[in-house]
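For the protein sequence lines, the chains are A and B, in the order given. Quick note: the first sequence uses this note's numbering, first residue 1104, plus one each step. Quick note: the second sequence uses this note's numbering, first residue 170, plus one each step.
Errors might be hidden in some of the hints.
As the list claims (entries may be wrong) - Not the full set, but computed from the structure, chain A residues with beta-carbon under 8 Å of chain B: (1) E1107; (2) R1111; (3) L1122; (4) R1185; (5) V1198; (6) R1325.
I should point out that these hints are in silico values taken from the structure, not numbers from a laboratory. Cβ coordinates follow ideal geometry from the N, Cα and C atoms, glycine included.
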Amino acid sequence: MLPESVYRTGAVVRHNTILLLREPGPLVSRLILPLLFLTLLHPLYQEAQGHSAGISQAVIATLVTFSLLGLSIVGGSILVERMWHTWERVRTTAVRPAELLTGKAVPVLAALVVQQVLIIGFGAAAFGLAVTGLPLLALAILAWTLALLGMGAAIGVLARSLSEMSVIYDVGGMILSSLGGALVPLSAMPGWVRHIAPASPGYWAVSAFKAALAADATGTLRACAVLAGFAAAFGLLAAVRAGRSAARSTRM
Amino acid sequence: MLVAQGLVKQYGSRRALDGFDLTVDQGEIVGLIGHNGAGKSTFVEVVTGLVRPDAGRVSVGGVDALRDRRAARALTGVAPQELSLYVSATVRDNLRLFAALAGLRRGALRLAVDQVAEELQLTDLLGQRTGLLSGGQRRRTQAAVALVGGAPLLLLDEPTAGADPETRAALLAAVRARAAAGAAVLYTTHYLPELADLGATLAVARSGRVIARGDQDTLITGLPGELRLRLGDPAGAVGLPGCIAARARTVDGEVRITSADPPADLAALLSAGCSPVSVDVRRPDLDDLYSALALEACHAA
Chain A
1104 MLPESVYRTG
1114 AVVRHNTILL
1124 LREPGPLVSR
1134 LILPLLFLTL
1144 LHPLYQEAQG
1154 HSAGISQAVI
1164 ATLVTFSLLG
1174 LSIVGGSILV
1184 ERMWHTWERV
1194 RTTAVRPAEL
1204 LTGKAVPVLA
1214 ALVVQQVLII
1224 GFGAAAFGLA
1234 VTGLPLLALA
1244 ILAWTLALLG
1254 MGAAIGVLAR
1264 SLSEMSVIYD
1274 VGGMILSSLG
1284 GALVPLSAMP
1294 GWVRHIAPAS
1304 PGYWAVSAFK
1314 AALAADATGT
1324 LRACAVLAGF
1334 AAAFGLLAAV
1344 RAGRSAARST
1354 RM
Chain B
170 MLVAQGLVKQ
180 YGSRRALDGF
190 DLTVDQGEIV
200 GLIGHNGAGK
210 STFVEVVTGL
220 VRPDAGRVSV
230 GGVDALRDRR
240 AARALTGVAP
250 QELSLYVSAT
260 VRDNLRLFAA
270 LAGLRRGALR
280 LAVDQVAEEL
290 QLTDLLGQRT
300 GLLSGGQRRR
310 TQAAVALVGG
320 APLLLLDEPT
330 AGADPETRAA
340 LLAAVRARAA
350 AGAAVLYTTH
360 YLPELADLGA
370 TLAVARSGRV
380 IARGDQDTLI
390 TGLPGELRLR
400 LGDPAGAVGL
410 PGCIAARART
420 VDGEVRITSA
430 DPPADLAALL
440 SAGCSPVSVD
450 VRRPDLDDLY
460 SALALEACHA
470 A
């Protein structure tokens, strides 16, 4: 017999997986679009940077850009709970906050990991991306996914509607991705962009994946540590904001 | 099962609870009535641990609900006033989640879901997404979510708001059955006849406190009823004896006289030469009780 806590967490994971699969549109598009993008644009990158560096840049560009757009999956899963008033409802049960958050995070975390593994796997299988440091790559995926979870949670509690959230992740995702040097290498960008690029989580994601693909352990660990910092900062912002919203909602 | 003593909750300059006391025993249905802002929903939020009071005590099944909120919540089934359902999930998905969070597993969980669905006439809708249900069906689902865990304390905050008669009847039957099985039920509503149907004892809330508590008959006894007359002469009300005319008003051509003793007033009217074409006596009901108590509290303030 499973301990109560594990059982409750499992029930919340199961329920949130169902919610994700009942409205599969955003998930499917975030899984298929990057593969099309990679297929169409990799020749451009290879032409500019040569075969090996070009495919590596194309895969990282696709991965970082589309995983940032995948924030909609994280943010959406939180925002709908606010819109449906189910968050407060679930809090009136015996479930612990940690069980609730874990149950909410696991399915979207899995979706984001699948998206990244799919892009890297497709890049390797279809276009010959050289994957050498698998453990480092796994670490980079994990650190970037946690940062995405933190950012998505912050968007989920800050946005007041689905359309507002869509603007935040579409425009914000593209800005963070471009600033990070995902779409166009920073060396080809104006000097002021290179100067502010480290402020973007996208920059550290690109750094982490580039270092991991080059089997550079120090570079990967450094970038992953910064990404973990972003994850903690955004997660804290989301937690504080969610706490204030809950307090306000009870005063209506 | 539920004991609340001296609850106080202040929001800025507004005191939502101001010494709120209430007890609900096992098998008892307590109808908590009061105007909007009387403190009913805040009280429910305090019991469920969503709001921490500034003062007072709450215990659920002997558990201090303010110190051990999780243990108290495990004994409580809640239907909030606002609909709170996962609209992209099916009715069964919603029920399964809350049954699981109440600790039910496998066979017991399936049985509980099927039973509550049958009780609230949701069996044919179990596979439907709640977002596609009618308003009444959603209300029933919301109530089913509260009932599915088999909690010994049910907090139902206006569960029939906006519901159709079919939904209301199903819900009241389910609540009666749960109380008969030993559950303590706190039921807030603005539809006072529901409380008569439920045979609920009453708690009347006003300005954050309970101003009257007891069974319906006791609270209603002594309240004035109404004598309703239709007179052949529409201007006949003018000729009513003075002591009666002061208590009379005309509504849609009908003379309505507030009366503590309708037979005596009728006799006085007949002996004064009044000749009504129809006579109707309305006994005092919960609406009268609520109006009287609210007026009394207003005068006291």
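Query raised in the report: So which of those numbered hints doesn't the model satisfy?
Result: Numbers 4 and 6, in rising order.
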